[in-house]
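Enquirer: Protein chains in written order, with UniProt numbering: chain X, 1 to 504; chain B, 1 to 504.
The hints are simulated quantities; they were obtained by calculation from the structure and are not laboratory data. Just so it is clear, CB atoms sit at the ideal spot from N, CA and C, and this is done for glycine as well. Careful: at least some of the hints might be erroneous.
Computed spacing ranges between beta-carbons, pair by pair [what the hints assert, rightly or not]:
1. Glu198/X with Asp80/B: 32 to 38 Å
2. Ser176/X with Gly409/B: 26 to 32 Å
3. Ala172/B with Glu284/X: 30 to 36 Å
4. Gly143/X with Lys283/B: 53 to 59 Å
5. Lys283/B with Glu389/X: 49 to 55 Å
6. Leu2/B with Ser344/X: 45 to 51 Å
7. Ser75/X with Gln454/B: 47 to 53 Å
8. Lys396/B with Lys348/X: 31 to 37 Å
9. Ser176/X with Ala172/B: 38 to 44 Å
10. Glu498/B with Gly143/X: 43 to 49 Å
11. Lys288/B with Ser168/X: 39 to 45 Å
12. Glu349/B with Arg303/X: 20 to 26 Å
13. Ser168/B with Gly143/X: 39 to 45 Å
14. Asp141/B with Ser274/X: 54 to 60 Å
There are 2 protein chains.
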Amino acid sequence: MLEQIDLTKSIVKKEYHEKIDRLETRLAELQRECRTLGIPVIIVFEGFGAAGKGVQINRLIHPLDPRGFQVFAISGESEDEKMHPFLWRFWTKTPARGRIAIFDRSWYRKVLVDRFDKKTTDAELEYAYQEINTFEKQLNDDGTVILKIFLHIDKKEQKKRFRKLLASPETAWRVSSGDLKRNRKYELYKEMNEEMLEKTDTSYAPWTIVEGMDRKFATIKIYRTVIDRLNEQVELVRRAGKEKKKAEAEGQSKKPTEEDLVLKSSSLSSVDLSLSYTKDEYKEKLKKLQDKIALLHSELYRRRIPVVLGFEGWDAAGKGGAIKRLTETMDPRGYVVNPTAAPSGAEKEHHYLWRFWKTIPKNGHVAIYDRTWYGRVMVERIEGFCTKEEWQRAYKEINDMEAHLSRSGAIVLKFWMHIDKDEQEARFKERMENPEKQWKITEEDWRNREKWEQYEEAVNEMIIRTSTSYAPWIIVEGNCKYYARIKVLESVVQAIEERLKQEQ
Amino acid sequence: MLEQIDLTKSIVKKEYHEKIDRLETRLAELQRECRTLGIPVIIVFEGFGAAGKGVQINRLIHPLDPRGFQVFAISGESEDEKMHPFLWRFWTKTPARGRIAIFDRSWYRKVLVDRFDKKTTDAELEYAYQEINTFEKQLNDDGTVILKIFLHIDKKEQKKRFRKLLASPETAWRVSSGDLKRNRKYELYKEMNEEMLEKTDTSYAPWTIVEGMDRKFATIKIYRTVIDRLNEQVELVRRAGKEKKKAEAEGQSKKPTEEDLVLKSSSLSSVDLSLSYTKDEYKEKLKKLQDKIALLHSELYRRRIPVVLGFEGWDAAGKGGAIKRLTETMDPRGYVVNPTAAPSGAEKEHHYLWRFWKTIPKNGHVAIYDRTWYGRVMVERIEGFCTKEEWQRAYKEINDMEAHLSRSGAIVLKFWMHIDKDEQEARFKERMENPEKQWKITEEDWRNREKWEQYEEAVNEMIIRTSTSYAPWIIVEGNCKYYARIKVLESVVQAIEERLKQEQ
Chain X
1 MLEQIDLTKS IVKKEYHEKI DRLETRLAEL QRECRTLGIP VIIVFEGFGA
51 AGKGVQINRL IHPLDPRGFQ VFAISGESED EKMHPFLWRF WTKTPARGRI
101 AIFDRSWYRK VLVDRFDKKT TDAELEYAYQ EINTFEKQLN DDGTVILKIF
151 LHIDKKEQKK RFRKLLASPE TAWRVSSGDL KRNRKYELYK EMNEEMLEKT
201 DTSYAPWTIV EGMDRKFATI KIYRTVIDRL NEQVELVRRA GKEKKKAEAE
251 GQSKKPTEED LVLKSSSLSS VDLSLSYTKD EYKEKLKKLQ DKIALLHSEL
301 YRRRIPVVLG FEGWDAAGKG GAIKRLTETM DPRGYVVNPT AAPSGAEKEH
351 HYLWRFWKTI PKNGHVAIYD RTWYGRVMVE RIEGFCTKEE WQRAYKEIND
401 MEAHLSRSGA IVLKFWMHID KDEQEARFKE RMENPEKQWK ITEEDWRNRE
451 KWEQYEEAVN EMIIRTSTSY APWIIVEGNC KYYARIKVLE SVVQAIEERL
501 KQEQ
Chain B
1 MLEQIDLTKS IVKKEYHEKI DRLETRLAEL QRECRTLGIP VIIVFEGFGA
51 AGKGVQINRL IHPLDPRGFQ VFAISGESED EKMHPFLWRF WTKTPARGRI
101 AIFDRSWYRK VLVDRFDKKT TDAELEYAYQ EINTFEKQLN DDGTVILKIF
151 LHIDKKEQKK RFRKLLASPE TAWRVSSGDL KRNRKYELYK EMNEEMLEKT
201 DTSYAPWTIV EGMDRKFATI KIYRTVIDRL NEQVELVRRA GKEKKKAEAE
251 GQSKKPTEED LVLKSSSLSS VDLSLSYTKD EYKEKLKKLQ DKIALLHSEL
301 YRRRIPVVLG FEGWDAAGKG GAIKRLTETM DPRGYVVNPT AAPSGAEKEH
351 HYLWRFWKTI PKNGHVAIYD RTWYGRVMVE RIEGFCTKEE WQRAYKEIND
401 MEAHLSRSGA IVLKFWMHID KDEQEARFKE RMENPEKQWK ITEEDWRNRE
451 KWEQYEEAVN EMIIRTSTSY APWIIVEGNC KYYARIKVLE SVVQAIEERL
501 KQEQ
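Next up, chain X with everything else stripped away, as it sits in the complex (with noise of 0.2 Å):
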């Protein structure tokens, strides 16, 4: 792409002043618009080194309100971020509805310096990609305005200007010795940048090259590449909502057709609930594995491996003894439990998928979520709370995060506790009458047990969806609950003896 890139444009100054400022008042303009509509935007700065992002980005902010954009300039990782899946630090910036996140230098260090100085492995690289994409399709799908200017400069340019930084005190710190090493081998580092380029030019996400030799002819390309983008989102959502208006006041809010796949086999129809042990037998075993994973726990940790566990399942089916269980006998230290409550606050504002990616854990820690994203395609389906586009697309959205958590080193199961209607009943009212109990029941529960088949279906699809081998669903058998922890505890041992072994 960056051949055919004619470098010698320019703009002479009278042309550039009688533009920028129709520039800036229309930007500021669309700031505002896109708060008002809740669009979230990412703008991302790319490029040769000394071709001018800082530059650029202090251009572009100009007429922005700064309470509603933030710059993030990214360099190497920090010891924390190392001990995280690479995506982790982008997710946790990712910009709330309305909000403008910039970056200066992104997630594509990863497929470019860091490939330069062979941080970057081969088979790392070609993951990178497909991870990029997937975690700027699922941004893009929630409606955020993904931007990214790439700038461009040649070899010759570059040399010039480094030189020139390199020469005053005040700025010869800018340049690094890895600036230096790639002028030298520019011809191999622009053919990564090429590389690169193709491989995530998407029509989600489509990258500008900008020539960089004349900063005002960059500056005047990268406003109308950004106004354009921002202009058309704004007329999207604008037509989708006034769309959306008309159909209700129609009264023709779509209902969902017959014609919708109806998944025929079913995971948990098949599911036997008879499985049981004495409680001799559940004192033996859990005796025993309880001491294993106290000595897993700390292997895990010494070979700075992360787990993370999903807890999911019928309300009453016993997700939280299971999780004591299993808890008991590890290093406190070690590992976390994340109770998932309903979304509130900056959590509504973000990808269903942002409050998870901060609890990630670190390598060696283990997280556990006591449910999970899955809520997604369970209660924020049945309710209503998200379209069914977006449920529908979910399923692919967490395939992929849990991909990436599988690829970054984790081991990542997810349980379904399972338990049957009557059982379901029997523990509701235990619950009611026992004192020490009752806070564990709602009016709530009581309701989702009458949406027990809508519950059914959805579980049944996610199960069929999702499971994976990189992150299976194991489901546990729950009318006998020393049973269905036995089995949590058997399938964590399992899980993480055999990773320890591949990794030998």
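Got chain X; can you put chain B on it based on the hints?
Expert: What follows is chain B alone, placed relative to chain X:
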């Protein structure tokens, strides 16, 4: 305090087993009660190396629901933590209402291990005690139960335990060279612990010294301490709840009495709002100041000085415009503007200062707050979102926080953007008429305007009570926007220049 401790205390196995079951059941109950009542709990474990902190924490959490607590192991500061005030990493870990945070070592590191290692200077030490007490008091005032356990063993026993740990390759890594050094200089280190215990044993966060020679004895004592304290708090909160209900039923909800302190002196009435600049004066001054700010900003970055700038003021007083001019020439990678809205979600579940601690700037960065923690003594006071006792306490709490920031090296300035009532009306009307500005004005702005006199009283009191040498209020005469912006920029420039001079 340690001299009087009888380290020979122990318990026989049979007695232990009889007691522990009952204690475990009771602790589990209390955890549920604390959750129901929304009581946050902090349990700190300190003490000599190998005194059994890890073991005791494991014993203590045994009956707890893992979804309701988290254990934090506090080691040396990470790079990122070193770049923040010392309490930052603890404030951000304070538990939400109803949750338990257990600290395996804690903020006391600063006055123990770090002091022993001479990382804490003598000057820092004195402040550290004060700051720790203030931190604990603020949390306790907000309803957090703080329990501090000190595990005590003598030099000989410690040496014996270290030897045993070192004998096995599986446990040897747990003994550090620091541990051994502190054993060799046991008496010196003990003295530091003595001093710490004396200086931080307070009514709101008392220490319990636990004889650590016999592990079972220690476990029982810790359980009893935790149970007694939680029990006490649960009773207290229950009683307070009942009394409130009773008072409400009797229609006796306390009305503000006339004897409440009325502050006669007023900061606002003496402000000269006629101060102004012409457009030309403004442009000339602005250019010079902005150029200077750009230079100073990079100097701050180089010297790693953090800056905290709070903006408060009447609606439409020009906060946004002033912030914009202030940041226009700053490097966007070195500042963040944090808009402060009404607290939501997790923010409501914590101390009101928690969310601000989360955004405290790193060394070398500038954090600008568009509305601040002063909401506590303005909108929350006036709208009754907190009790009178709470907002009255807030003045000291805020002063303490700002003192901590200042001592950790930050420049702290607060601006009150001031206009009169007529000017506000004119600006509101302009906003309503100008389509580009309509988004800035809401019904609520008009409602707030009706409470002008109440706000005036609150602001006067706030300015008097929280104007400090380390974090002064700057009242900005705002009827002329040009004048206001220049005054803000001048004040920031002046404060930075003064600091840079001091440091030379």
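Enquirer: With reference to the structure, classify each hint as holding or not holding.
Expert: Results for each hint:
For the hinted restraint 32 to 38 Å between Glu198/X and Asp80/B, the CB-CB distance of approximately 36 Å keeps it satisfied. Between Ser176/X and Gly409/B the beta carbon distance is about 27 Å. The supplied range of 26 to 32 Å therefore holds. Between Ala172/B and Glu284/X, the C-beta spacing of about 33 Å keeps the proposed range 30 to 36 Å intact. For the pair Gly143/X and Lys283/B, the supplied restraint of 53 to 59 Å is violated, since their beta-carbon distance comes to about 40 Å.
At about 52 Å, the beta-carbon gap between Lys283/B and Glu389/X stays in the expected band of 49 to 55 Å. At roughly 46 Å, the beta carbons of Leu2/B and Ser344/X sit within the given window of 45 to 51 Å. Against the hinted window of 47 to 53 Å, the Cβ-Cβ separation of Ser75/X and Gln454/B comes to about 48 Å, which satisfies the hint. In this structure, Lys396/B and Lys348/X meet the distance hint of 31 to 37 Å, their C-beta atoms being roughly 35 Å apart.
In this structure, Ser176/X and Ala172/B meet the distance hint of 38 to 44 Å, their C-beta atoms being roughly 41 Å apart. As the Cβ distance of Glu498/B to Gly143/X is approximately 46 Å, the hint placing it in 43 to 49 Å holds. Our hint of 39 to 45 Å for Lys288/B and Ser168/X is violated, since their Cβ atoms are close to 22 Å apart. Take Glu349/B and Arg303/X: their Cβ atoms lie about 35 Å apart, and the range 20 to 26 Å is violated.
At roughly 57 Å, the beta carbons of Ser168/B and Gly143/X sit outside the given window of 39 to 45 Å. Our hint of 54 to 60 Å for Asp141/B and Ser274/X holds, since their Cβ atoms are close to 56 Å apart.
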